[in-house]
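4 protein chains.
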Amino acid sequence: MPNKNSDSARKRSYAFLGPAGTFTELAVKQINQAKGASLISVNHVSEAIDLVVSGKVSRAVVPVENSIEGGVSATLDALAGTELIRIYGEYLVPVTFNLVAKPGTKLSNVKTVATHPVAYAQSRKWLLEKLPGHVHLPTTSTASAAKDLLESSYADAAIAAPSIINHFKLTTLAKNIGENKQAQTRFIQIGLAGDLSKPTGADKTSVIVELPTDRPGSLLEMLEQFATRGVNLTRIESRPIGDRLGRYRFNIDAEGHVLDESVGEALAGLHRFSPKVSFLGSYPRADKQQTAPSGNNSNGQYGEAKKWLDAIRKAR
Amino acid sequence: MPNKNSDSARKRSYAFLGPAGTFTELAVKQINQAKGASLISVNHVSEAIDLVVSGKVSRAVVPVENSIEGGVSATLDALAGTELIRIYGEYLVPVTFNLVAKPGTKLSNVKTVATHPVAYAQSRKWLLEKLPGHVHLPTTSTASAAKDLLESSYADAAIAAPSIINHFKLTTLAKNIGENKQAQTRFIQIGLAGDLSKPTGADKTSVIVELPTDRPGSLLEMLEQFATRGVNLTRIESRPIGDRLGRYRFNIDAEGHVLDESVGEALAGLHRFSPKVSFLGSYPRADKQQTAPSGNNSNGQYGEAKKWLDAIRKAR
Amino acid sequence: MPNKNSDSARKRSYAFLGPAGTFTELAVKQINQAKGASLISVNHVSEAIDLVVSGKVSRAVVPVENSIEGGVSATLDALAGTELIRIYGEYLVPVTFNLVAKPGTKLSNVKTVATHPVAYAQSRKWLLEKLPGHVHLPTTSTASAAKDLLESSYADAAIAAPSIINHFKLTTLAKNIGENKQAQTRFIQIGLAGDLSKPTGADKTSVIVELPTDRPGSLLEMLEQFATRGVNLTRIESRPIGDRLGRYRFNIDAEGHVLDESVGEALAGLHRFSPKVSFLGSYPRADKQQTAPSGNNSNGQYGEAKKWLDAIRKAR
Amino acid sequence: MPNKNSDSARKRSYAFLGPAGTFTELAVKQINQAKGASLISVNHVSEAIDLVVSGKVSRAVVPVENSIEGGVSATLDALAGTELIRIYGEYLVPVTFNLVAKPGTKLSNVKTVATHPVAYAQSRKWLLEKLPGHVHLPTTSTASAAKDLLESSYADAAIAAPSIINHFKLTTLAKNIGENKQAQTRFIQIGLAGDLSKPTGADKTSVIVELPTDRPGSLLEMLEQFATRGVNLTRIESRPIGDRLGRYRFNIDAEGHVLDESVGEALAGLHRFSPKVSFLGSYPRADKQQTAPSGNNSNGQYGEAKKWLDAIRKAR
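Protein chains in written order, with UniProt numbering: chain A, 1 to 316; chain B, 1 to 316; chain C, 1 to 316; chain D, 1 to 316.
Keep in mind the hints are simulated off the structure, nothing from the lab. Note that CB positions come from ideal geometry on N, CA and C, so glycine has one too. Among the clues, some could well be false.
Partial selection, computed: residues in chain A whose CB lies under 8 Å from chain D [said to hold, decoys possible]:
no.: 1; residue: 138
no.: 2; residue: 191
no.: 3; residue: 194
no.: 4; residue: 212
no.: 5; residue: 236
Derived pair list, reagent style SDA-like, types lysine to any residue, alpha-carbon separation capped at 20 Å [unchecked claim]:
no.: 6; chain 1: C; residue 1: 169; chain 2: C; residue 2: 180
no.: 7; chain 1: B; residue 1: 276; chain 2: A; residue 2: 296
no.: 8; chain 1: A; residue 1: 314; chain 2: B; residue 2: 138
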């Protein structure tokens, strides 16, 4: 069956946190436009972003938040470091961990387990019970832990996504060993700032806002910029600005699209309030939950209020 | 000395709460454009407003607030009853009460004292001490109490403004008998809705806002429409909507001019929030205190935020 | 039928805004404990309060709010003027106005109409239609207007409560001439500060709060003292403090009883926040609507939070 | 010079993120009572906490926040996982990174660099410039990276604290290679829940608060629990609750001590508001900045408000 996106896809390229077999690759597979595109595996979020900024890839897919480990600092900080990129989509990937090893390995012989620290933290309970004397060898990704089993590693087993055995000649020793069976990771698709995504009625808008430091209560004031316009937040996460302790910026996901009047006015309010605010993008929600502003905060109500105000102001 | 406003003033006419000698007349005398204009004395605020609405007078001057007695209900309710009028100015008049009588009257012979209930309340302490057995005869104004002494009244004395003796052949029996020596009344100049007053940098904006009744906390929400835009209120006064107990509208005076971005956005916010909001006018403050929005809420900051938002939105 | 309250009632006395036939007397009749008590008619709210403060009467019944005219300034200011009194109950009286006259009077002959200014304002529309050339004679109460018809007045008719004809030999010329047919007045029962009314689960708490004047946004802060504890307001009304324009105190009715933890904490918060706060009383609501705090703000939740905090604090 | 804490210190033991030479050990050295105590090196925050909970050590010292990398998830999550522990102190350690190697190693020969991912991120810019083709080998601490150089590692150099050369026979190849020269890490001292630290007038109080999920705006409501009592926050950091995306708890540091009335009332308010709130401790600030509540929120003002309320409530 010919892919209708195939022509444009051929010209498209997607950087992702590799190697093949990572959870990030599973996120890329959810993207329709990525079918048939070339996939570029990188080792670090900042590499992925650099490739986007320099125009060497069309898009990058990176993890932004995990339901257990929280925000991915590398991604949040990379987003804060440039004004040139935008978020164009988000994707949810269930996080399931299997213990894999070279064919012939027995569970009872496993002494050293390689994996990414996050995967290790989630599997630690199972490991303490089943492999009480094990040693952890940290790696930069779950897939590289698996790959290294066949190459350079002195580890006996690796913790990785179930699909890893499609990529490497490995055996599964134990399935679903993570503590939380509903764990998910949220990934975002990043590209150069360009066309706005079209509003779908089920959108999210992401911004980074620095708090003014000269007065207490400024977080409350910032949240009121949203509340007064009836804009709900789905996530708020603090990150250090980095110059000294006690100074924070906030990564915020809000319901709605920047073309919605309520969201636009809230963002303009943030711009006045904050020493620095970065617009990261408006894009369709992964869960497709409707979030178009309604009631007092609908575009219709904004339009009527504007008409009313304009009539008053024009009386001169 | 020829009055430079005289030509246009000749065509102008001002209704005021009369008769001659009332505090309202003192307010009219503060208005430059009223010099040489014809002054129409009326008995009731609603008469004054009716004359404006019907075009029979150019302007009306009515009391809106007294530092002791509070808001003047008749004025507040008249303002709420029509969308056709606007406030064009405010004037402060010190309120001093004298006891006056027909020439020859002695204080010791005064048994019945005529005056408006508000003047009576403010003079009651003095009267109880000096004229313990007196009877109060309520009248519709202090000036009519004085005027009636010479005509129809069976009162022995009247309480009125000091200047009343310029209008009627009366003697002053006691000066400054009001309890509060700093008492002031605030008057407003009302005209048909027309040209906006030009911003002066020291302006007030008045609105009437009905609260939605379907949820608690709506007054707080309404105030946040101002606070989020940094607009300060100088007065807020509740009045019953009138259909049943427990439903209120609020008369609000805010600092700034409707042409200020912060004030305009707050008003548009009220329009979305409230089942009914009436714009009463933007006009120069009597105390000339500067109130142009500044800092995060200056027109400059609004302009920059708008430019920033427009650039984001145009990216499509 | 013997009244079970008769013995104690005999010793009880109630001051009310008289004379007999006023709406205030109708409020007194709603009070069980007032049955058989002696009723003392007074002309002014401050007289009624003075009688309570001096111990000459047990209680006073005065109007506090009208669904059309709003707050009764004399009552609100009298409440603010002393710390010695409390509100012990509230009563709603429908306000219906009839036009009455001496027997034999014809409507077509009525030229002068006596009544209280509030009653006049509510009947003005009817009068302008039916008696276009009439003159208004203001009186201190509707009942005194009626009474004076038989005594001193030169008025031809009076506007008063329908029940006025039970007290004076008068005829009804027109019924229910008020503009708003659902008009109500709320009355309160005032006594010396003494025992708290027992909580009924359907209570109101009244306070007077002065706003600090040194900063904008203080009204918002004051309302947050209630909102943070989940206490709803049923009424908020500003009154001038009286020393100069721009300084206000607020008369507030809140849902719940001062013995409720949420209400108590809100009041203590006001005490810290405000330069002056007066507790006027907790008393059963006239409409018997349940208002006991619930959910997060129930007394049970407050108790558990206190227990939790005490355990933390005792760890030393 | 004999240490006056030596006797009790002998019985004391401190677990810290080791091995010797980590930044955590530098934090331990700031603690007076730790002088002469036995220091137990552990590999993981959760091990340190487990030793405290089981009573095997008196205290543990762990990093909680870095000025560049942000909150230390392992610590934040360990604190959320038990009610048995408290924070007893905080310590600031400047974070400076040196590149170290076995004696004889030349910078030009370094191909593989071992260090903790956080140290790597902060040194990456320097490494890309000076060692463009290097490979990163992640380790569980900077000190273990250094230690491993002499033992098991195939790395050529390690990034660690300057003081690392006091512990291992290593040479410094480059000094202060971190990107941010003012970087700091904040450490906390953890013990079993027991005696409260005495208020010093310069204290912090730490709590973890889960947000109710059933309504938008709950973060704003939570912050108002602090704001209404005038309690300032110095840090707020979200962490996932872990069961699914979109559910957060907040780690909060507030100014003041739980024995301060304002802080206590705010905490009790959180207890009512939140499905789960954990008190982590009140302890002296590392920066010794005075934070005792003052003005309207001082203990004196709280005391007066309570006295006033009690007097009202006792009237029965």
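Status of the hints after comparison with the structure:
1. 138: holds (4 Å)
2. 191: violated (23 Å)
3. 194: Violated. Min distance 28 Å.
4. 212: violated (14 Å)
5. 236: With a minimum Cβ separation of about 6 Å from chain D (threshold 8 Å), the hint on residue 236 (chain A) holds.
6. C:169 with C:180: Judged against 20 Å, a Cα distance of about 27 Å means the pair is violated.
7. B:276 with A:296: Given that 20 Å is the threshold and the Cα spacing comes to 13 Å, the pair holds.
8. A:314 with B:138: Measuring from Cα to Cα gives roughly 46 Å; hence the hint is violated.
When each numbered hint is compared with the structure, violations occur for hints 2, 3, 4, 6, 8.
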